Amino acid sequence: MWRRESWAPRAACWKCHRNTVLNRLNAFEAYTGLEVQRPYDAAAVIIALEWQGPRP
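Here my numbering is used: the first residue of the sequence shown is 217, the next is one more, and so on.
Some hints could be false.
Said to hold, decoys possible - Simulated restraints, written as ranges between beta carbons of each label pair:
(1) ALA224 <-> TRP267: 24 to 32 Å
(2) GLY269 <-> ASN235: 16 to 24 Å
(3) PHE244 <-> ALA224: 13 to 21 Å
(4) THR236 <-> VAL261: 14 to 22 Å
Quick caveat, the hints were computed from the structure, so don't treat them as lab data. These figures come from a predicted structure and were not determined experimentally. Even glycine gets a Cβ: it sits at the ideal position worked out from N, Cα and C.
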């Protein structure tokens with residue numbers, strides 16, 4: 217489970233509600249099987265996003 221207080225500033229930066237961020241992270245984890253709070257999984261996600269390149 218995500219620590220709620222750590223995602224409030226991120227949600228404000230993204231201009232969405234904290235629960236939206238948490239729901240999207242939970243959906244991502246359910247879809248991929250990765251836990252982005254684990255360093256190895258977080259690194260794999262970052263590498264995959266960097267490899268994909270910039271969004272149009």
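Here is how each hint holds up against the structure:
1. ALA224 <-> TRP267: 24 to 32 Å: holds, 30 Å
2. GLY269 <-> ASN235: 16 to 24 Å: Violated - the Cβ-Cβ distance for GLY269 and ASN235, about 30 Å, lies outside 16 to 24 Å.
3. PHE244 <-> ALA224: 13 to 21 Å: holds, 19 Å
4. THR236 <-> VAL261: 14 to 22 Å: Holds: the Cβ-Cβ distance is about 19 Å, inside 14 to 22 Å.
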